[in-house]
Amino acid sequence: MILGYAGKFLEVNLSTGKIKEITLDDDVLKDYVGGRGLAAKILWDRLGSSWQKIDPLGPENVLLFLTGPLTGYFPGGRTCVSGKSPQCNGVVGSTVAGEFGVELRCAGYDGIIVTEEAKKPVYLLIKDSNVEIRSAEHIWGKDAKQTVKILTKECRELLKKRFPIYGEWKEPALLYIGQAGENKVRTAVVAAKWTHAAGYGGYGAVMGSKKLKAIAVKGTGPLPPVDNIEKIKRLIQIVNDNAYDNELWRRWGTGGGGYEFGARTSSEPIRNWQEEWHDEKSYGVDQFENKLWIKQSWSDFGCPTCCMKIAMVKNGKFKGAITDNPDYEMQAYLGTNLGIFVPEENVYLSTLADDLGLCGIQTGNVMGFVAELFQRKILTKEDLDGIEPKWGDAEAFANLIKKIAFREGIGDLLAEGTYRAALKIGKMKNVDVQQYAVQSKGISIGAHGIRSGKDFPESVSYAVGVQGGDHTSLTGLPLDARGSELGEILNDSAVFCNFNSFGLPRNLKFEFYTAVTGLKLTRKEWSKNQGLKILQLQRAELLLGGPDQVWDPKIHDVNPPRFYEPLPSGPYKGKKADKSEVEDYKRRYYRAAGWDRNGIPKTETLRKLRLQDVDRALKKLR
Amino acid sequence: MAKKKKEPIWIARELARCSGCRKCEIACSLFHENQIWPEASMIRVFMLVPGADFPHFCAQCQDYPCVESCPVKALSISKQTGAVLVDKVTCIACGKCIDACPGRIPHMHPKEKHIVICDLCNGDPQCVKVCREGGWNVLKTVSREDRSYKLYARMPEETARDLALKMYGEKTEEFI
Chain A
1 MILGYAGKFL EVNLSTGKIK EITLDDDVLK DYVGGRGLAA KILWDRLGSS WQKIDPLGPE
61 NVLLFLTGPL TGYFPGGRTC VSGKSPQCNG VVGSTVAGEF GVELRCAGYD GIIVTEEAKK
121 PVYLLIKDSN VEIRSAEHIW GKDAKQTVKI LTKECRELLK KRFPIYGEWK EPALLYIGQA
181 GENKVRTAVV AAKWTHAAGY GGYGAVMGSK KLKAIAVKGT GPLPPVDNIE KIKRLIQIVN
241 DNAYDNELWR RWGTGGGGYE FGARTSSEPI RNWQEEWHDE KSYGVDQFEN KLWIKQSWSD
301 FGCPTCCMKI AMVKNGKFKG AITDNPDYEM QAYLGTNLGI FVPEENVYLS TLADDLGLCG
361 IQTGNVMGFV AELFQRKILT KEDLDGIEPK WGDAEAFANL IKKIAFREGI GDLLAEGTYR
421 AALKIGKMKN VDVQQYAVQS KGISIGAHGI RSGKDFPESV SYAVGVQGGD HTSLTGLPLD
481 ARGSELGEIL NDSAVFCNFN SFGLPRNLKF EFYTAVTGLK LTRKEWSKNQ GLKILQLQRA
541 ELLLGGPDQV WDPKIHDVNP PRFYEPLPSG PYKGKKADKS EVEDYKRRYY RAAGWDRNGI
601 PKTETLRKLR LQDVDRALKK LR
Chain B
623 MAKKKKEPIW IARELARCSG CRKCEIACSL FHENQIWPEA SMIRVFMLVP GADFPHFCAQ
683 CQDYPCVESC PVKALSISKQ TGAVLVDKVT CIACGKCIDA CPGRIPHMHP KEKHIVICDL
743 CNGDPQCVKV CREGGWNVLK TVSREDRSYK LYARMPEETA RDLALKMYGE KTEEFI
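Sequence order for the protein chains is A and B. Position 360 of the first sequence, counting from 1, maps to 360 under our numbering, and the rest follow consecutively. Counting from 1 along the second sequence, just add 622 to a position and that's the residue number in our numbering.
In isolation and in its complexed conformation, chain B is listed as follows:
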């Protein structure tokens, strides 16, 4: 058993290892919705270029611009884990937090009227479990330190391009 990380935590990510299996989406939606529901998952795998699949999910920026942007104070920071918590009742689904996020990571719940942001599963992220169990090790839980986590809040197009470049080199321009 891996030693439990000291809270608050962060999910370190090595995107180029992602197989695109989407087990993180399955685990996340099973945990939060008790259903397999990829679009309701708080972590979503994008494949804008085949082969360059990667998970897109909250990076818990050190300055939390999404929380700042919320006009109704529906977003808060968990003292325990450092996750952004959504108050589903207060949230008016206005989308301001999406615009505030440098990676446009939050998305609307497909059926209910509120935003979806990774809640770090109260400190025991399910996506990390399944990713490590299968040996892909794209995701790993680490203790949260004083760092620029914002670096990981990137637009999907940006990440897709970088990963494609890493794999396909100069051919990338033909695919994107």
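Just chain A, same shape as in the assembly:
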């Protein structure tokens, strides 16, 4: 057994109610590490032979909750949620902050594998090796805050009853879905602590399709033993000290972005990306901080940064709205992208997304898309159940959010996410509306544009990334560079928060991995072997896709059309993505990644990485 792992996975069949413990070979853990990498591998082993036929929202999909060897050790605990994605039909390693992964490891498990689906709503309660499937009928239909309240109380009472002389039980860590997940909305999240979410991937919908409302876990053991605890103590101190030095990062989190990425880098989505520049000082982080934040530092297990803040509207129409931050992505997608520049309105919409269990990025993306179609008179008030989504009208967007979460009326169509909604609306209206859809492979583009060239994504990041528009998995060349996807694959596979690694020496994560597992690993090795292997497997799963969508790199390895329109305003007015530059970069990227000129992983690349079965499966695409 490799050090740093609990050594066991929990497999729960929701249809039969059978619960068992399984182990994975050391070689598998060495190659795929955990989290995102291991998700790609487990899913391939179980679904690979019929990948294209598997409906992500059907009973045959496998839903995964995985930790990695660094979870709980590297400051900033996260958990990786995965499965075949109902957004991109490939695999997304979607991570969520919180204590869940730590509790799970302390309970003796590296992950949970959920198969099939329950007949009636259920939740899982895990207390060390005691695992039970319990009825969730009393919480089905409840929002995030009510779900957390009821389950926290209920689980603590159960623990108290079963272990009466233990003392007071801390709350178990929870992962849950809101109503959006129950209704299989493709932009639904798996959430924690009211406001934290595994957003990209759409796994809230998968959880809902399995009628799994929540998982509660309490582990009373230590984190799994490691190779060199003294070294880990020193490494933790380095990570902490580095974060403590970064005052503005700690004070504002990404919240500084609401003004910054508009005014300075001109890369913020405004009115569905029709613009990327604004100079609205009303939207400065100081406005959020001074008027709305009721907690300056909120964090997850071991985190020295505390990028989370808690915001609450104390007066006016939206009084009582409570959410985190909002962080930059929320400020953008549930703010500027909808023409909203009022912090209170932004907090209100973020609260609704949290409560209903929706991804703020992707729901804000689809609402911006709809608002542009309304602006262009492609969709009318009648098409939208009487709602007029005018730019800046927070209440209209609030109505839309609710309709999406409950799949009511037009909400049913928008609940399919931007790409699929665009296909349907295009057919309905006989107009090509994909030109207004700002997404890549079914996943909305993160709130960082490429046109000004001043933000961190590169011109091909969204076009060729194996997680589509996911801005937390951007790529570029050289393949072993800090900005390549291989680095993100490491973070999401070892499962820790990359926000705590900014500014650290690049080899530190690898040293950390070695101190935990006792296995030697260098950056060079990672980018030639394990990291590259995970990248190829994710690429293959993405390209195989199906059943409702298949991505052909020749057609779909592209930027959203909007990025080829010149920026209409601001200091970078006129700038746009350059098609020939993108094509050239793409060719070089394909070459570096070992893909053929059509973007499909080459036989020799896959053979070298011992992925022969993947090679065989890709034959039909070549």
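Not everything, but these chain B residues come out facing chain A in the computed CB check (under 10 Å):
| # | residue |
| --- | --- |
| 1 | 651 |
| 2 | 668 |
| 3 | 674 |
| 4 | 728 |
| 5 | 730 |
To be clear about the criterion: a stretch of chain A counts as covered by chain B if any three or more of its residues have a C-beta under 8 Å from a C-beta of chain B, and this derived list gives those stretches:
| # | segment |
| --- | --- |
| 6 | 193-200 |
| 7 | 221-231 |
Here are the simulated BS3-like pairs of lysine-lysine, each with C-alpha atoms no more than 25 Å apart in a straight line:
| # | chain 1 | residue 1 | chain 2 | residue 2 |
| --- | --- | --- | --- | --- |
| 8 | B | 718 | A | 161 |
| 9 | B | 701 | B | 751 |
| 10 | A | 161 | B | 733 |
| 11 | A | 579 | A | 454 |
| 12 | B | 793 | A | 314 |
| 13 | A | 145 | B | 788 |
| 14 | B | 751 | A | 233 |
| 15 | A | 317 | B | 793 |
| 16 | A | 160 | B | 710 |
| 17 | B | 788 | A | 317 |
These are computed hints drawn from the structure, not numbers from a lab. We put the beta carbon where it would ideally sit given N, CA and C, even for glycine.
Assemble the complex: chain A is given as a structure, and chain B must be docked to it using the hints.
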């Protein structure tokens, strides 16, 4: 360097500043167990309402009801620091000290058969170090005076409600 406090000591606490980072649990369990082990930590962070996180740990009541309640005299008071010390061999894990504590603060060691109570790390509390290092300053070591420290031995539900009220006002009732 902070000047060393005159012993015995006490850990003053400002719970509303707690970020919920649990670095105190990590530091405590690393010091006492040489492992990261949140449930074996002598200080435990509760989050009964999201955002209203707080550390729950011994307040060293002036009258030490836990020590009084122990049927086998496994608990004693450190003359040096004022901490409650657990004799792990004598302790029979009966839980009487939990019932005697106004805040039900002691809890069982998750693997061994004895109770867990803050021992003030022999006068140099590790939780205080990490909390101050990160600038949260929820915890601070002070010299122990003649005061009613029992005030801080509260039930987790009680503290959670107070902190939630401070943050969320009248909305609190929806969350608790």
